[in-house]
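Asks: Taken in sequence, the protein lines are chains A and S. Residues in the first sequence are numbered from 0 upward in steps of one, following numbering that gives the first Met the number 0. Residues in the second sequence are numbered from 0 upward in steps of one, following numbering that gives the first Met the number 0.
Hints in this document: simulated from the structure, not taken from any laboratory. Any given hint could be a false lead.
All copies of an identical chain are treated as equivalent in the list; a pair is satisfied when it fits inside any one copy or across any two copies.
Derived lysine-lysine pairs resembling DSS-like cross-links, with alpha carbons at most 27 Å apart [what the hints assert, rightly or not]: (1) 247 <-> 261; (2) 325 <-> 94; (3) 121 <-> 275; (4) 247 <-> 272; (5) 201 <-> 82; (6) 261 <-> 16; (7) 118 <-> 188; (8) 136 <-> 247; (9) 171 <-> 16; (10) 188 <-> 72; (11) 247 <-> 325; (12) 136 <-> 261; (13) 247 <-> 72; (14) 195 <-> 72; (15) 201 <-> 72.
None of the values given here were measured: they were computed from a predicted structure.
Number of protein chains: 2
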Amino acid sequence: MTTILALDAMGGDVGPKVVVEGAAIALSQSQGPLSFLLFGDGPLIEAQLDKFPGLRKYSTIVHTDVLITNDTKPSTAVRMGRKSNLGMAVDAVAKGQAHAVVSAGNTGAYMALSKILLKTLKGIDRPAIPAVLPTIKGKTVVLDLGANIDCSAESLVQFALMGEAFSREILKLAHPTVGLLNIGSEDLKGNATVQKAAQLLKDIEDFNFSGFVEGNDITAGTTDVVVTDGFSGNVALKSIEGAAHLIKHLLEQALSSSWLGKLGYLIARSSFKQFKGRIDPRLYNGAVFLGLRHIAVKSHGGTDTIGFANAIGVAIQMVQSNLVDKIEQRLNLGASLQSVGPENA
Amino acid sequence: MTTILALDAMGGDVGPKVVVEGAAIALSQSQGPLSFLLFGDGPLIEAQLDKFPGLRKYSTIVHTDVLITNDTKPSTAVRMGRKSNLGMAVDAVAKGQAHAVVSAGNTGAYMALSKILLKTLKGIDRPAIPAVLPTIKGKTVVLDLGANIDCSAESLVQFALMGEAFSREILKLAHPTVGLLNIGSEDLKGNATVQKAAQLLKDIEDFNFSGFVEGNDITAGTTDVVVTDGFSGNVALKSIEGAAHLIKHLLEQALSSSWLGKLGYLIARSSFKQFKGRIDPRLYNGAVFLGLRHIAVKSHGGTDTIGFANAIGVAIQMVQSNLVDKIEQRLNLGASLQSVGPENA
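Let's have the full structure, built from the sequences with the hints guiding it.
Replies: In structure tokens form, the structure reads like this:
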């Protein structure tokens with residue numbers, strides 16, 4: 000079966016160039032057949048596609064004059080709705096014309112349109128954004144990363160169930176462990192929300208809840224999934240990115256400060272290349288909006304072609320593993336959810 | 000003038016050994032005269048002091064049978080109060096017998112006893128814990144790091160003023176810039192609390208408020224001070240520590256995976272030593288409780304002698320720079336504080 004992907008060709012900091020080149024790379028890497036629907040400024044997309052005749056065959060351009068860019072406010076974007084590049088790309092999935100949508104555009108607008116057009120699963124108030132991070136042991140799924148800043152205990156439970164189902168697919172684990180992010184001060188074990196969420200999570204059957212974890216446990220890989228609200232999650236992810244950047248900087252500074260350092264670097268450069276590959280943020284690009292009835296993947300706005308290709312790869316993997324069905328099953332298993340949160344029709 | 004330090008000899012994961020050895024190092028490094036009051040189990044402290052005759056001369060042991068350890072609950076610790084090792088050490092400062100107290104013990108108990116015995120400054124509801132972190136540009140002060148998990152906008156303003164005064168002393172800056180930690184999602188610029196705090200901070204005269212910053216700005220050194228609530232601050236700090244640990248691990252793994260990597264490492268080892276020195280967490284050990292009427296410094300519980308000596312060094316620096324007076328002046332300048340928060344007598 001051909002996997003059909005709806006791409007927002009105008010999203011991200013650089014637009015069609017990165018999106019089209021990313022699609023070309025994804026096509027060359029894909030094991031199964033792919034085709035693309037590209038939404039945005041027709042002539043601009045066409046100009047980029049001309050460079051990739053192999054990709055051109057599998058691509059359909061859908062032109063629109065109504066363009067949502069990084070500067071568009073989410074409220075304006077929602078009003079522009081189905082007629083915009085982003086709205087049309089999302090709507091293609093809602094209408095069954097594509098299996099998944101990928102955009103590097105405005106997170107708020109994308110989330111709002113996805114929620115309206117793709118709808119959330121039963122029991123889910125608002126989709127969550129997970130990230131897959133490298134750890135000492137392998138990889139860990141962290142969520143939420145900025146979609147939900149004020150979270151109830153019930154929302155955290157929803158994130159935990161979705162994150163667990165997601166990690167089964169992405170990390171290929173039968174029984175992922177789940178930790179709830181908290182602070183380490185001995186007496187102050189977090190606020191009332193995390194306390195209540197922990198109580199609810201303990202009561203879910205057939206669920207590997209490991210209790211509270213701390214910021215350093217994320218990259219230590221203490222648990223397979225780390226659950227937190229969107230504020231702390233965003234702070235954690237960006238703090239980790241910043242720390243990685245600082246440490247690379249300090250290492251380069253130390254190595255370039257002496258001749259022996261420079262020589263050692265030259266001799267060991269394949270090791271340094273391997274090291275840099277492991278922490279390359281582009282390899283971790285592509286976040287699924289969890290809790291929707293269809294697959295929508297958000298690429299980092301500032302990514303390059305390699306990163307966008309990886310986001311397309313995430314979308315393909317999620318389509319092929321039937322992620323939405325599996326999350327739905329997991330939510331049904333979480334019996335406590337029956338009494339939790341309003342239903343979304 | 001001799002700086003007199005009250006040391007909780009029983010705090011931390013290892014007790015008197017680390018405290019006494021740390022004091023010995025601090026004494027050898029100090030430019031001015033020092034003396035120590037050591038509170039805890041007399042015979043145990045004596046046994047350690049016997050190893051350092053040079054330190055013995057400047058030390059007074061104050062024995063107590065009532066011991067607060069890492070396992071003691073803060074509520075229990077407060078009840079044990081002035082008769083305990085920690086309480087007696089704090090009380091020595093309150094009574095004017097010492098200029099500052101240093102403990103590696105239980106954060107919650109230490110904070111509670113400090114607040115009761117040392118009292119907070121006018122306009123300060125609860126003390127905040129800052130950390131000084133390495134950045135690409137130099138160093139940045141981040142607060143709060145876990146003392147206050149649910150913060151009002153007014154508390155964040157207090158942290159900003161105290162953090163600015165603290166960074167003037169510790170970073171030797173005339174006009175430190177101050178950022179408020181938030182998330183980067185384009186539309187959701189944080190919750191109501193950070194929004195309100197930003198408004199209040201904009202109105203303070205003669206104050207370099209740089210607006211919102213994100214997690215990665217901490218180690219980028221975008222601002223000299225980063226203000227946040229204790230939950231996010233704790234998550235950020237521990238996420239940074241965890242990321243540093245992961246990256247060191249991945250680097251060592253990459254370098255040890257090939258002969259060229261090992262050879263390059265050997266040749267460049269002085270550069271690696273320099274690099275590791277820059278990110279050595281022991282050098283950043285020692286957090287002052289800001290907002291108290293006296294100097295109380297918290298050492299990491301798991302630190303070693305080098306780290307504890309550094310915490311003593313922080314206490315000495317804060318005493319000699321009259322930090323408490325300077326914070327008090329800064330709080331008076333923040334005119335908006337007049338209408339903010341209950342007074343503590």
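Asks: None of the hints should be skipped; say for each whether it holds.
Replies: Consistency of the hints with the structure:
For a Cα distance limit of 27 Å, the shortest separation of residue 247 from residue 261 qualifies both inside one copy, at 15 Å, and across copies, at 19 Å. Only within a single protomer do residue 325 and residue 94 lie at most 27 Å apart by alpha-carbon distance; the minimum there is 21 Å, versus 64 Å between protomers. For a Cα distance limit of 27 Å, the shortest separation of residue 121 from residue 275 qualifies neither inside one copy, at 41 Å, nor across copies, at 50 Å. In this assembly of identical chains, residue 247 and residue 272 lie within 27 Å of each other by CA distance both inside one copy and across copies; the values are 12 Å within and 15 Å between.
In this assembly of identical chains, residue 201 and residue 82 lie within 27 Å of each other by CA distance neither inside one copy nor across copies; the values are 45 Å within and 39 Å between. Taking CA atoms no more than 27 Å apart as the test, residue 261 paired with residue 16 passes in neither setting, with 36 Å inside one copy and 41 Å between copies. For the identical chains of this complex, residue 118 and residue 188 are inter-copy neighbours only, at 24 Å across copies versus 35 Å inside a copy, given an alpha-carbon limit of 27 Å. For a Cα distance limit of 27 Å, the shortest separation of residue 136 from residue 247 qualifies both inside one copy, at 21 Å, and across copies, at 14 Å.
Taking identical chains as interchangeable, the C-alpha atoms of residue 171 and residue 16 are never at most 27 Å apart, the minima being 33 Å within one chain and 47 Å between chains. Taking the closest pair of Cα atoms, residue 188 and residue 72 come within 27 Å of each other only across two copies (12 Å); inside a single copy the shortest separation is 37 Å, beyond that limit. Proximity of residue 247 and residue 325 under a CA criterion of 27 Å is satisfied in neither setting, with 39 Å inside one chain copy and 37 Å between copies. For the identical chains of this complex, residue 136 and residue 261 are inter-copy neighbours only, at 22 Å across copies versus 31 Å inside a copy, given an alpha-carbon limit of 27 Å.
When the C-alpha separation of residue 247 and residue 72 is checked against a cutoff of 27 Å, the pair qualifies neither within a copy, at 35 Å, nor between copies, at 40 Å. Taking CA atoms no more than 27 Å apart as the test, residue 195 paired with residue 72 passes between copies only; the shortest distance there is 21 Å, against 35 Å inside one copy. For the identical chains of this complex, residue 201 and residue 72 are inter-copy neighbours only, at 24 Å across copies versus 40 Å inside a copy, given an alpha-carbon limit of 27 Å.
Hints 3, 5, 6, 9, 11, 13, counting from the list given before, are not met by this structure.
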